[in-house]
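**Student:** The lines below spell out each chain.
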Amino acid sequence: GAVVSQHPSWVICKSGTSVKIECRSLDFQATTMFWYRQFPKQSLMLMATSNEGSKATYEQGVEKDKFLINHASLTLSTLTVTSAHPEDSSFYICSARADRDEQFFGPGTRLTVL
Amino acid sequence: DAKTTQPTSMDCAEGRAANLPCNHSTISGNEYVYWYRQIHSQGPQYIIHGLKNNETNEMASLIITEDRKSSTLILPHATLRDTAVYYCIVQRDTGKLIFGQGTTLQVKP
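Chains A and B supply the protein sequences, listed in that same order.
The numbering used here applies: residue 1 is where the first sequence begins, and numbers increase by one.
The numbering used here applies: residue 1 is where the second sequence begins, and numbers increase by one.
It should be emphasised that the hints constitute simulated quantities derived from the structure, not laboratory data.
For every residue, glycine included, the Cβ atom is placed at its ideal position computed from N, Cα and C.
Treat the hints with care, as some may be off.
What the hints assert, rightly or not - Straight-line alpha carbon distances no greater than 30 Å define the calculated DSS-like cross-link-like pairs of lysine-lysine that follow:
| no. | chain 1 | residue 1 | chain 2 | residue 2 |
| --- | --- | --- | --- | --- |
| 1 | A | Lys64 | A | Lys41 |
| 2 | B | Lys3 | A | Lys41 |
| 3 | A | Lys55 | B | Lys3 |
Unchecked claim - Okay, the calculated bits of chain A under chain B, using three or more residues with CB under 8 Å as the criterion:
| no. | stretch |
| --- | --- |
| 4 | 33-47 |
| 5 | 104-113 |
Bound-form chain A, shown alone:
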């Protein structure tokens, strides 16, 4: 299957700082990328959908000013958690999709906010 990478795989930051997470499709062009969040012992929760060159569409209850998403190219999307707080600590996972194909997921980024 297609490969999606995320960087970093884990990050620890201080409360109030911003953290950027990168998601890359390595061997295909992703017209759409998705961002999910997963808390311990819970399922994945879709945060937003992003199409290359356009603004992301956020799910209900997700603050777009706090979770900034940029999808500047067909192989890269970034999620920036602004002014992070301990409650933002979570496992963030991206996925990428080419046209009508299935989604391929990245390995996830573990964010810990102190």
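Please arrange chain B on chain A, whose structure you already have, making use of the hints.
**Tutor:** Using the frame of chain A, we list chain B on its own:
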């Protein structure tokens, strides 16, 4: 998107077939059935998907009932590495995947 119902957990003996059921009684005609699995602390892995017909690939088989209200994922020869949470998801072609709680499959030696 249609909701799905899966058993919370299942056990399977190593080497035997694992049959994971999923109910999706409110599925619409243009909605696909997708199966993903997630091994602890990793991103989900695509397994298989289908619309109406049964599907098979190198990982698994997907059996969809004629009325499309339920489906079964079959892992023909389960190994210890197949221990994971398995998600059955019904989605339109928009690409959005709404994850439920899934089935925790424990493959035992």
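**Student:** Now tell me if each hint is right for this structure.
**Tutor:** Verification of the supplied hints:
no., hint, verdict
1, A/Lys64 to A/Lys41, "holds, 25 Å"
2, B/Lys3 to A/Lys41, "holds, 20 Å"
3, A/Lys55 to B/Lys3, "holds, 28 Å"
4, 33-47, "holds (count 6)"
5, 104-113, "holds (count 6)"
Of the numbered hints listed earlier, not one is contradicted by the structure.
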